[in-house]
Amino acid sequence: MCSVGGPMDVELAERLKGKKYRCNDCGTTFEAVGKHPVCPSCQSENVTLV
Amino acid sequence: MRYDLKEGNLLLKGKNSFILIGRAKRLFILFIETFEKELCQTVREDDLIAVSAPEGGDPRQAFMLLELIREYNMPVMVLPKGHPGSGRLNMVVSAGPEIIPGCGIMRGTHPEQNVICASEEFSGFSFYSDGGFVRIESGLLGRVADNSGMNIDIVRIPDSELRY
Ligand SMILES: [Zn+2]
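Sequences listed follow chains A and B, in order.
For the record, in the first sequence the residue sitting at position 26 is 95 according to my numbering, with numbers rising by one throughout.
For the record, in the second sequence the residue sitting at position 17 is 57 according to my numbering, with numbers rising by one throughout.
So that you can see chain B by itself, here it is in the shape it has in the complex (with noise of 0.2 Å):
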């Protein structure tokens, strides 16, 4: 499955938890803030951009997200296991050419990878970047459907209709 990001952005929704997908548009450098450094990750224009809502939510915050890095440029933080404030994070941010959810067996076995953290729903699948469009794989896809009734929507939606 391949669709077009030149135009706006994909949204995957599962039953709980949605993906929300869109190109980075130009190159600039996304700054990851740890407790004890700073990492500087270089993104390109076609990179993707995923912002992942593990408990769901509205699309339109995930879009904020998206546009506050992508065209502000601000600065992701990382907090350190067991701060109560990570419960408050609903949604989670990765950019890079490629990005697959850290759901069930994925999780730990691309260690090189770009991994963001995602509900079951969407265990198995990756996403690529290629040349302004998004390549999706779902490597369990014919057996989620068969087997659980679990589905995922794949949804184009413009920038305009994100905004408030």
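Chain A extracted, bound-state conformation (with noise of 0.2 Å):
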């Protein structure tokens, strides 16, 4: 992940595919990068791939 603060370079952000998750806690869905996904809304590490 390349960003700026500001932007990024978009050769780089086209390769940043994110995954797309619901939490269970809440029911927001999100998309994530990285091997962590957190709710962003509750911050609930309780969330299943969709």
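A few of these clues could be false.
Below, a list of computed lysine to aspartate or glutamate pairs in the DMTMM-like style, where the Cα atoms sit at most 20 Å apart [to be verified]:
1) K104(A) to E78(B)
2) K104(A) to E138(B)
3) K104(A) to E85(B)
4) K55(B) to D193(B)
5) K86(A) to E100(A)
6) K53(B) to D98(B)
7) K104(A) to D170(B)
8) K86(A) to E76(B)
9) K65(B) to E114(A)
10) K86(A) to E78(B)
11) K86(A) to E73(B)
12) K89(A) to E73(B)
13) K77(B) to E100(A)
14) K88(A) to E73(B)
Derived by calculation from the structure, the hints in this document are not laboratory data.
Can you join these two chains into the complex? Each is in its own frame, and there are hints to help.
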């Protein structure tokens, strides 16, 4: 990931593919990158890949 | 090379560019906003936040950027390619347990890892979070030092020295 304060280099950004998750505690769906997805609404780690 | 980040930041100074590395300090979600979607990246307390200034500049600006991300959780934006604004942005940010400067031969070789735009001076370097420390690997350091006279100075700087 290469992002600016501001923006980022799109050649790299195109590789930035997230995975979609649903929070089992509050129902929020979100797209996350990285190995430790956490719900952006309630900070729960109890999330499922959808 | 392993440096303690608990008391401050690490400034890696090349001839015309630099990279400032700090520790996230606490868990937060970094929001990455692209034209069509939002990506969430969990940043954990020992993860690294790196600010790269490929054309150099004021390290205090880099520190502000670092603070905007880790203290104030400012989202980062992704501009579409060719956007006239990209040329005005002289510093880039990356966060995670490992950060690879994206220059020369490193580019595209680590699709699963964090890549940060940097100048050629940082070719071959990689940074890893290591329990409050940063571990710096520099595969090409020997060759660089022998052949081109390029050198990176590594300086430890506390937050207080980077604030206005
Ligand atoms: Zn939730």
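Measure nothing beyond the straight line between the CA atoms of K104(A) and E85(B); if it is 20 Å or shorter, mark the hint as holding. The given pair, whose Cα atoms are some 15 Å apart, holds under the 20 Å limit.
Agreement of K86(A) and E78(B) with the hint, judged by alpha carbon distance not exceeding 20 Å: holds (11 Å)
Compare the distance between the alpha carbons of K104(A) and E78(B) with 20 Å, and conclude whether the hinted pair is satisfied. At roughly 17 Å apart (the allowed maximum being 20 Å), E78(B) and K104(A) satisfy the hint.
Is it true that the CA of K86(A) sits at most 20 Å from the CA of E73(B)? holds (12 Å)
Going straight from one Cα to the other, do K55(B) and D193(B) come out at no more than 20 Å? At roughly 9 Å apart (the allowed maximum being 20 Å), D193(B) and K55(B) satisfy the hint.
Does E114(A) lie within 20 Å of K65(B) when you go C-alpha to C-alpha? Holds. K65(B) to E114(A) sits at ~19 Å (cutoff 20 Å).
Holds or violated: K86(A) to E76(B), with C-alpha atoms at most 20 Å apart: OK: K86(A) and E76(B) at ~12 Å, within 20 Å.
Are the Cα positions of K89(A) and E73(B) separated by 20 Å at most? holds (15 Å)
Hint check: K53(B) vs D98(B), CA-CA at most 20 Å. Holds or violated? Holds: K53(B) and D98(B) sit about 11 Å apart, inside 20 Å.
Does the structure keep K86(A) and E100(A) at a Cα separation of 20 Å or less? holds (9 Å)
For the pair we were handed, K88(A) and E73(B), check the Cα-Cα distance against 20 Å. Roughly 15 Å between the alpha carbons, so the hint for K88(A) and E73(B) holds.
Check whether the Cα positions of K77(B) and E100(A) lie no farther apart than 20 Å. Cα-Cα ~8 Å, so holds.
Checked against the numbered hints given earlier, this structure breaks none of them.
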